[in-house]
Structures are given as structure tokens and as C-alpha cells.
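Peer 1: Given next are the chains, with one letter for each unit.
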Amino acid sequence: MTLDLVAALREKGFEAEDRGDVVTVRLEPGKLEEAARLAVELGFDHLASVEGVDWPQDGVIEVIYHAESYEEELRGKLLELRVKVPRDDPRLPTLIEVWPNALFLERETWDLMGVVFEGHPELRRLLMPPDWEGPPPLRKDFKVKTEGVFVNVE
Amino acid sequence: MSSSVVTRRLLAKEGDESVYEVFIGPQHPASGHMRFIVRLQGDVIVSVDPDIGWVHRTMEKLAETKESIKAIPLLERMTIIDSQNVTIGYVRALEKLLGVEPPPRAKYLRTLLSEINRIASHLYGMGLAGIFVNHSTMFMWCFGDREVWIQLAEDLTGARLTHSYSVPGGVRRDLPQGFKEKALKAIRYMEKRLEDYYRIFFNNPQVRARYEGVGVLKKSDAKRLGIVGPNLRASGVKYDARLLGDYGVYDELDFEVPTMEEGDAMARLLLRGEEIKQSMNIIRQVLDKIPDGPIMAEKYMRLVPPKLREQALKEGRIKFPGIFANLKLPKGEAVARAEMGHGEIFYHVISDGTKKPYRVRVVTPAFRNVILFRFLPPGHRFMDFPPIYGSLDYFPPEADR
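Going down the list, the sequences are from chains A and B. Here the numbering used here is used: the first residue of the first sequence is 1, the next is one more, and so on. Here the numbering used here is used: the first residue of the second sequence is 155, the next is one more, and so on.
With the rest of the complex left out, here is chain A (with noise of 0.2 Å):
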């Protein structure tokens, strides 16, 4: 099945590589659409995640999907979608007509990483206060600041 998997997505276009429990996709932002498309097509028809990973010293953000089956053959796989995009103005289309559950996954992916998915129709503040500002927390240049067991109060 896991062969099939690859070769069925080496057929339309798409380079995939199995490493064991996923399958890895490679994408440029314009492909994300189609794949996730065919995604649906071979039976991963919703997300188990939508993740942002930031890689400053390269300038971009790694935008991440995994996609996963409930049908007893795929169940062992999850398909992994990976695209970059530039740090300073992270933008993808938004999944949600093709992955229905994308719709609080991107939201959150907005709200912490600050990736733009164009087309949402609900980009507000999730788990993050209304008010916030300030880079999105997850960003590598967001330092947590730690305080002592005393607080210093002057």
C-alpha cells in the first residue's frame, strides 16, 4: 500500500518520499492546492495538524500538513505536505473548502506563527488574547523571559 502511495503521487507530479510512518511531500506554495486536492482523492480527507516552523537563519517559515485516514489500510500513514514561505510576508491559500477541519487548525497557525492563509474567512485571535500585539509567540525571535522564584519588585 505504501508503494502505491508514492507511486500514485509520483504519477501526477508530486515527489514524495516514504520515511516509515509518513509519507513527505515537497512543495512550492503554488502546488499546495492540487496536492492537498489529491490528498483527498487517495482517502486522507481531513488534517491532524496545520504547523508553522520558523527557520530565521534561512528567512523562512515551514508550513506543515499532516493529513491522516481513518480507513483501515491508510490509518498506519500520515501524509505530510511541506512548504516554505518567506518570513517577512508568509502567505498560502486557505484549505478549508478541500480540508474542512483546517478551519481552526490554520486560525491557531495564524494566531501563534503568524502565517497568512488568504482566503479564511475567520483570521481573529484564537488562543491568544483580543488585544495582542507583538510578534506571534512562536516565532524563534520571541524570547520567553523567565523570572526568579523572587520577583523583583523595585
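Some hints could be false.
Said to hold, decoys possible - Partner residues are not named here, just some residues of chain B that face chain A (Cβ under 10 Å, in silico):
1. F356
2. D375
3. V382
4. Q465
5. K468
FYI, nobody ran anything at the bench for these hints, they're computed from the structure. We put the CB at the ideal spot given by N, CA and C, even for glycine.
Starting from the structure of chain A, add chain B where the hints point.
Peer 2: Below, chain B without anything else, positioned relative to chain A:
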């Protein structure tokens, strides 16, 4: 204050009077801190906006700031009522990166605690489902009986809720003396109590009237929305992360994954009862089959100084030297999925070769199920909202992370 301001306040604002907005929360309206903005037309729900994030603690960010093993006690605080199942995925991801496998006995012990936690978590959910329709007895009974399983977990791990039991390479403690008898007694007690639950709650016509036929989730929708856990299986999808065979000893045991076809709030409740029976079945098998042997991978036991190692073998408790917190995570990445009481949890850990993980992504079952608050209530009467919420076993600190 000028008079025009006063008049402006007195006059009703123009707008759509037919839709009425109700704000529920955020001060712990039900199972935790969250807010619902419910729009009603008459008594019929038009839309529900779940406003979450009131107990957000940036777990993913904090996990990046500490040595990988120190994130275990952090992450278990997402779902304190189910702390073994919430961290086992993270531990598995670390094990895949470190290239270490726990010995068979440790796998059995992990499975044992996973199922004890699952029963306690389901009892918590069922108790809340009771109080949501003002059935205080069910709430008291479930929370009282949950104590049985919490005490078992305490015997095994030394902590009531925050066990931090599984660590990369194995578990922290061995089975204590007389545990098997205690566990079997707990199972016999629970079996009897489940019958009481059916009598007073599940088969109670008052409860049935509120829970039956509301919040129906079709099989195809459940799949497309990526719903997890009992909420998914009550819609007829036979999927459980335990079937993946990635952790524990589930592939060596004989158990059922119960499903139901109705997909309504009642089915979601009844399914949790069935799962408790299966978990007790698993615990019985684990206690019968558990092999002798070490509880920690040889690779890490060698790090413990000889004198302490001898003591650890004698007492069945491992006290780790500081070096264990300084393990370097090899460069790479790993994913892991595990089944919690609430559903499947997903971890993706990326390491750049230092002691601290570069990125920890966690998607919890409650966060994946939050979409149901949008999807299920519209079209129902407002009085159906509590039973729908109650049947979902939604846990805010888990969704907010």
C-alpha cells in the same frame, strides 16, 4: 454628561432584533474556562462561536525552552485527568529520535496505566454529562468512583494525577506488592457500579429524553471533520490510535474497539461505558501476561551509578542521575500518535541536535473536537445545548494547551 449622551443610552439600538445573542462563560460555565457566543432566533440556535484560549499557556513554546525530558511534566498539565495518555505520544516521539525501545515489562506497565487513566477520564466525562442535565447523583457517583482508579494510579506511580510515569526508555517504577489483587477488586467493584449507572442514568427516561436524538453526527461528516475519540466511534467509524500498534502492547492483547451507529449524544455517552468495560478487560490481560524483566532500557540503566542501580533493581524505583536530563536529541524529526480518553493526540518533534527540541507540535483531541460546537448545535433548541456539550467530553485546558 450631556443630555444627548443620556438619551442615546436610553434608546434601543437599531439592529436585527430577531437574533438574540447569549454569552456563556468564560468563568467556568461547564467543563472549564471557555466562552460560547450563542445566537438564537426565538429558542432555536442559529450559530455557536466557541471562543477558546482562556487557559492558553503556550505549551509548544515552553517545550522549546527546556531539555527534552523536562517537557514531560509540562505537557501532562494539558490534561491532568489523563496524564499518562497525554504524554505517551511525546515520549514515543523522543524514543524514535533517540533510537531506544522500552523493554517488554515497561510496555506492559505503560499499557496498564494508560487504561487506568482512560477509565478515570471517561468517568470524569460521564459525571459532567450527568450534571449538565442536573443529574447530581451521576456526577457524585462518577467522581467518587473515579477515586478508585486514581488511587490505583497512585499506588503504581506515587502521584494521584501528575504521574510523569513514562520516560524515554521505560517507566519510573515497577509494579508494587499486592497491586494485582487491588486492581482486580477495583474491576469487580466497577462492573457492579456500571450496572447501577445504567439503572439510574443511561436507562433513565428523563436522561434519554434529553440525550437521545440530539446532536447527530453522521459518519461521513465525522471523518471529514477529523473528529477523534469516542465522538468519532459513536458515529460508526472504527478508528482508534491504539490500533496503530505504535505504543504499548495493544497488538498482543485481545480487545474490542466498540463503535455505535446512531451518532447522537446518547450514543457518545453509552460508548464511554462500553470503553470502560474494554479497558478493564485490557487491565486483566495485562496483569495476567506481564513478563518479568527490567523496566528501563539497558542503554539508560548504564548511566545510573552502580550503587544506585543495585538499589533501583531491588526497590523497583529508578532515581535518575542529572545526566539523564542532558541527553542530546539527535538531529531529525519524529511523529507519534496515541489514544487518550478524549481521542487521538498528535505529536511532531523536530530536533536540531541539541538538548532542547527545536519545535514541538501537539494537536490535542479536544482541539480537534472543538469544531463540533460550530457544526452540531445549529437548528437545535437552546435546551439541547447542554446535552450536546455534555456528550462531547470537551476539556478546555487540553484544547488551549
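Peer 1: Give a verdict on every hint.
Peer 2: We went through each hint and held it up to the structure:
{"no.": "1", "hint": "F356", "verdict": "27 Å, violated"}
{"no.": "2", "hint": "D375", "verdict": "9 Å, holds"}
{"no.": "3", "hint": "V382", "verdict": "9 Å, holds"}
{"no.": "4", "hint": "Q465", "verdict": "31 Å, violated"}
{"no.": "5", "hint": "K468", "verdict": "36 Å, violated"}
Hints 1, 4, 5, counting from the list given before, are not met by this structure.
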